[in-house]
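> One letter stands for each residue in the lines below.
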Amino acid sequence: MTDYGQDLLFGAFVTPTAAPVHQAVELAVAAEEAGLDLVTFQDHPYLPRFHDTWTLMSYAAARTSRIRLSGNVLSLPLRQPAVLARSHAALDRLTGGRIEMGLGAGAFWDGIEAMGARRLSAGQSVDALGEAIAVIRAVWDATATGPVAVRGTYYQVDGLKRGPAPAHDMSIWVGAYKPRMLRLIGRAADGVLPSLSYLEDGPSAYAGINEHIDAAARDAGRDPARIRRLLNINGTFSQFGRSFLNGPAEQWAEDLAGLTLEHGVSTFILATDDPTAIAEFAGDVAPAVRALVAAERSA
Amino acid sequence: MGHRLRFGALVTSVAQARRAEELGYDLALVRDQPDGDAWTLLSWIAGHTERIGLATAVDAAGWEPAVLGRAAASLDLLSGGRLAVALTGDHVAEVTDIVRGVLDAGEPGPLRYLGERHRVPRAQRGPLPAHRVPVWLTGNDPEDLRRAGRVADGWMADLSRLGAGELATAYKILEDAAVEAGRDGAEIHRILIVGPGLGPDELLALGADTFLVEADDPAPLTSWERLREGSGPPVCRPSSVRAKRRPGIDYEAIPASLAETAVEPGDLDYARVRSTYLRGGSPGVVLRPRTTAEVVDALAFARAHPGVPFALRSAGHGISGRSTNDGGIVLSLAAMNDIEILDPSRRLVRVGPGARWMDVARALAPHGWALSSGDYGGVGVGGLATAGGIGWLAREHGLTIDHLHAVEMVLADGTVVRASSSPDENPDLFWAVRGAGANFGVVTSFEFEVYEVGDVGFAQLVVAADDPAEVLVKWGRAIEEAPRDVSGQLIMGAPRAGQPMVAQLLAVVDHDDPETIIERLQPIAAVAPLYQQQVLLTPYLSVISNAADGGYHQGAGEPVSRSGLIRHLTPEFALAATELLNSGAVHWFQIRTVGGAVADVPADATAYAHRDANFSVAVMGSSARRVDAAWDRLRPYFDGLYLSFETGPDRVGEAFPPATLERLRALKGRYDPDNLFRDNFNIKAATR
Chain A
1 MTDYGQDLLF GAFVTPTAAP VHQAVELAVA AEEAGLDLVT FQDHPYLPRF
51 HDTWTLMSYA AARTSRIRLS GNVLSLPLRQ PAVLARSHAA LDRLTGGRIE
101 MGLGAGAFWD GIEAMGARRL SAGQSVDALG EAIAVIRAVW DATATGPVAV
151 RGTYYQVDGL KRGPAPAHDM SIWVGAYKPR MLRLIGRAAD GVLPSLSYLE
201 DGPSAYAGIN EHIDAAARDA GRDPARIRRL LNINGTFSQF GRSFLNGPAE
251 QWAEDLAGLT LEHGVSTFIL ATDDPTAIAE FAGDVAPAVR ALVAAERSA
Chain B
1001 MGHRLRFGAL VTSVAQARRA EELGYDLALV RDQPDGDAWT LLSWIAGHTE
1051 RIGLATAVDA AGWEPAVLGR AAASLDLLSG GRLAVALTGD HVAEVTDIVR
1101 GVLDAGEPGP LRYLGERHRV PRAQRGPLPA HRVPVWLTGN DPEDLRRAGR
1151 VADGWMADLS RLGAGELATA YKILEDAAVE AGRDGAEIHR ILIVGPGLGP
1201 DELLALGADT FLVEADDPAP LTSWERLREG SGPPVCRPSS VRAKRRPGID
1251 YEAIPASLAE TAVEPGDLDY ARVRSTYLRG GSPGVVLRPR TTAEVVDALA
1301 FARAHPGVPF ALRSAGHGIS GRSTNDGGIV LSLAAMNDIE ILDPSRRLVR
1351 VGPGARWMDV ARALAPHGWA LSSGDYGGVG VGGLATAGGI GWLAREHGLT
1401 IDHLHAVEMV LADGTVVRAS SSPDENPDLF WAVRGAGANF GVVTSFEFEV
1451 YEVGDVGFAQ LVVAADDPAE VLVKWGRAIE EAPRDVSGQL IMGAPRAGQP
1501 MVAQLLAVVD HDDPETIIER LQPIAAVAPL YQQQVLLTPY LSVISNAADG
1551 GYHQGAGEPV SRSGLIRHLT PEFALAATEL LNSGAVHWFQ IRTVGGAVAD
1601 VPADATAYAH RDANFSVAVM GSSARRVDAA WDRLRPYFDG LYLSFETGPD
1651 RVGEAFPPAT LERLRALKGR YDPDNLFRDN FNIKAATR
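Protein chains in written order, with our numbering: chain A, 1 to 299; chain B, 1001 to 1688.
Read the hints as simulated data drawn from the structure, not as lab findings.
Cβ coordinates follow ideal geometry from the N, Cα and C atoms, glycine included.
Worth double-checking, as some hints may not be accurate.
[As the list claims (entries may be wrong)] Cβ pair distances, simulated, as ranges: (1) Asp158/A - Thr1169/B: 35 to 45 angstroms; (2) His1091/B - Leu160/A: 40 to 50 angstroms; (3) Leu1162/B - Ala279/A: 55 to 65 angstroms; (4) Pro1423/B - Gly283/A: 37 to 47 angstroms; (5) Ser197/A - Glu1116/B: 37 to 47 angstroms; (6) Gly1207/B - Ala279/A: 49 to 59 angstroms; (7) Ser204/A - Pro1500/B: 53 to 63 angstroms.
[To be verified] Calculated Cβ distances over 10 angstroms to all of chain B for the following chain A residues: (8) His22; (9) Val25; (10) Phe50; (11) Asp52; (12) Ala62; (13) Leu94; (14) Glu113; (15) Asp127; (16) Gly247; (17) Glu262; (18) Ser266; (19) Asp273; (20) Gly283.
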């Protein structure tokens, strides 16, 4: 049993489809109106059926006023760390602190390579992500003296002017499943963001994720409770309970509260492009999860 | 080629951009952000403005160039076609090529680019932006200018950084390089950043077409506004676009009302309009009228090109209709898609030909109304409602045309007429339009009297078809014996090795009582062992809402489709149909139910005359020769065909019985003697 006591966030994981052009934006607005905390977009720059995720996020940010936005997760190999840092900081300042950074080391390397970027092995991509986080944090650290200097194997930044700093203490959430990446998160990132559908042993696999992160965090002198545990979820609302996240809203609430209390998962991001599901998740599931978790935590 | 004069403001905040938009500026250009990110700010501004053009300078060093292309397409789409991009930095010619290569989504194959600095092995192109995103280049050195002259859509410079006389020299280099590259020097936009103090004459003397004003607060345009009047045409096609024009079409003669919306082969929008649902096309020009008056103009243009193919298109689903062509004129009615309730008490609605049937259903649903059309929501109103309309409620409510009350149409000579069954409203034309409309004119609006439809039962069954003939006979009998509130279809394909033969049985039961629905479906479900079943109680709207929104047709090749109308599915027919399926020549075999209310209408009441058929059979294959070899064995069983599903040549005599055809030929002689409308089941005018 590991509940880190983190505040709960509920979000939507929206397909950045380019046709209809404004569908993803409308879903972001729907998520805000439904009362969700967060709307996130996947990033596959090699697929032309999708919008450029960063452009979409910036535009959707302008069309909303309260909801937080993040990539889920941005493809690092096709985006430069210093640019990611500056653009996130810029949008965070424009939105009054509504932006978080979701980062991934890269998946679908065939597509990444086809666009002109360099193919990395799994191990190399973890190291590259570690260097990228160092660059990003250095850019954001606007008050430090001297320019940014990170001389890594994958990224060499020398003499880059620092800043701007984001408007709020922006989190770096990393999509991760395997030990090396999880240890990097424990050392250097602010959250872990896996997808339920990729967890081979189902939700219970989160225990292993926590073990790696927590050990690495403690080794680095960081408090594991400050590393957010997020999860992309998918499921079906149905009249009768059939299986995990397949049933009525009350059952969803119990399933998710169980994940919070047992594994400390504090952010649930529902993968859907259906405004009705967004409304049900925000209106029925989220309050019930909060109530169940609050009751258990105060018991 | 002169360009229209445009005025822009250099902005560093959304407030300035909104102010510029309010003041009537054409463009807001986001300056380099020393402490931020210009692209992000530009995207943010896009979300906070509605009309103003958007531009920024992008140093490609911060981007993977192919991703920048994708981002430009996205921002152009999201902003509704308002983007221009100025590229700066090293290797900018390579970046320009890559960005353009990604934006040119209509080009075949992936983008492969091997430059000195940038290598893109195999990037997929697209998404297709909303308009051709102009790429501007900067730089005042001769080398920069020559590059801009060769490849850019525009050259941008800061006037304060140019010495006296340098501007004229720059233009000269730009133009010489353009001409050397086979371009028209005048097609390159000249974009100048200027101070706010210049008078109109000083401005004009600079010889640029776009002026960007540097100011903390954008100033009113008053003294400059008059300069816009009489400046260049709204559309200036560059030489690379004009080079793709087709012979035989007088592009300069496209009526002014249509020039701005017309699409020709070099245009970016060409990818969106060239093809239809199942057919690839390469028209020479697509005219896109928005009003009846513009249809009149378009027909005048078509009349002036008698030797050029001429196709009509409503939403481009047509299988039979040649709604695209090769090198000809296409009249696309997609923009004429209004849906209007005329009289709620009579459930009278007016619909434009370019509306799609799922849009019609969406507009009717809040009133509890519906109008049976076909089985697919992406089909356009115009083609279907001039041919017949065999839909999900056909046996109960008849064909779509049976609920047509009146039409407004433009005849071949450009006359606008109204047709209805009323004696003083061209009743003979109204008769012809309902079944043979494509031969007589362009319907610009349809008036339908629709009916009330509540929730319906929608069944999707999959049954074993080890003996296809038996399934056909039993299903046919079950349908004929079913009450009229049952309509539906049967779908089979060619047998596949190692897989059991199945039939899909789809049915709509117009009833909101689940028990009645089940009772109605029982005889249909009993025709063969069930593999799968799904029955939903659902609004009619959800049954017909089966097409995607957004996107565009990307059909390729030529469909091969055959149609036949038949009274009963006899054992003899069923055996012949089984042979057809076993031949492997068709991959799609579909029977829709007709009969019922369709047969209540007398055969001579409309040009659609094969009223006594209970079933409409359609097949599709890839080889016309093979399909016909197999289909010919079925032909003796048919009495007529439904022209919407028939692509074969010279089948007019089967689409219309002799008496109908004779009357149609007489009317063709009266309404379209020169045979302007000749592309779809052409009826030869009777000789007088």
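> Each of the hints needs a verdict: does it hold here or not?
We went through each hint and held it up to the structure:
1. For Asp158/A and Thr1169/B, the Cβ-Cβ distance of about 38 angstroms falls inside the hinted range of 35 to 45 angstroms, so the restraint holds.
2. Between His1091/B and Leu160/A the CB atoms are about 20 angstroms apart, so this pair departs from the stated range of 40 to 50 angstroms.
3. Distance hint check for Leu1162/B and Ala279/A: the Cβ-Cβ separation is about 58 angstroms, which falls inside the suggested range of 55 to 65 angstroms.
4. A C-beta distance of roughly 59 angstroms is found between Pro1423/B and Gly283/A, which places it outside the suggested range of 37 to 47 angstroms.
5. In this structure the supplied range 37 to 47 angstroms holds for Ser197/A paired with Glu1116/B, their Cβ-Cβ distance being about 43 angstroms.
6. Under the hint 49 to 59 angstroms, the C-beta atoms of Gly1207/B and Ala279/A, about 57 angstroms apart, fit the expected range.
7. At roughly 39 angstroms, the beta carbons of Ser204/A and Pro1500/B sit outside the given window of 53 to 63 angstroms.
8. The Cβ of His22/A does not lie farther than 10 angstroms from every Cβ of chain B; its closest approach is about 7 angstroms, which violates its non-interface assignment.
9. At roughly 7 angstroms, the least C-beta separation between Val25/A and chain B is not larger than 10 angstroms, which violates its mark as non-interface.
10. Against chain B, the non-interface label of Phe50/A is violated: not every CB pair exceeds 10 angstroms, the least being about 8 angstroms.
11. Non-interface call for Asp52/A relative to chain B: violated, since the shortest CB-CB distance, roughly 4 angstroms, does not exceed 10 angstroms.
12. With a minimum CB-CB distance of about 2 angstroms to chain B, Ala62/A fails to clear the 10 angstroms threshold, and the non-interface call is violated.
13. Not every Cβ of chain B is farther than 10 angstroms from the Cβ of Leu94/A; the closest lies at roughly 5 angstroms, contradicting the non-interface assignment.
14. With a least beta-carbon separation of about 6 angstroms from chain B, Glu113/A fails to lie farther than 10 angstroms from that chain, contradicting its non-interface assignment.
15. Taking the minimum C-beta to C-beta distance to chain B, about 20 angstroms, the non-interface status of Asp127/A holds against the 10 angstroms cut.
16. A cut-off of 10 angstroms between C-beta atoms confirms that Gly247/A is not in contact with chain B; the least separation is 20 angstroms.
17. Interface exclusion of Glu262/A from chain B stands, the closest Cβ pair being 37 angstroms apart, more than 10 angstroms.
18. In this structure Ser266/A is separated from chain B by more than 10 angstroms, as the shortest Cβ-Cβ distance comes to about 28 angstroms.
19. In this structure Asp273/A is separated from chain B by more than 10 angstroms, as the shortest Cβ-Cβ distance comes to about 12 angstroms.
20. With a least beta-carbon separation of about 23 angstroms from chain B, Gly283/A lies farther than 10 angstroms from that chain, consistent with its non-interface assignment.
Going through the hint list in order, the structure does not satisfy hints 2, 4, 7, 8, 9, 10, 11, 12, 13 and 14.
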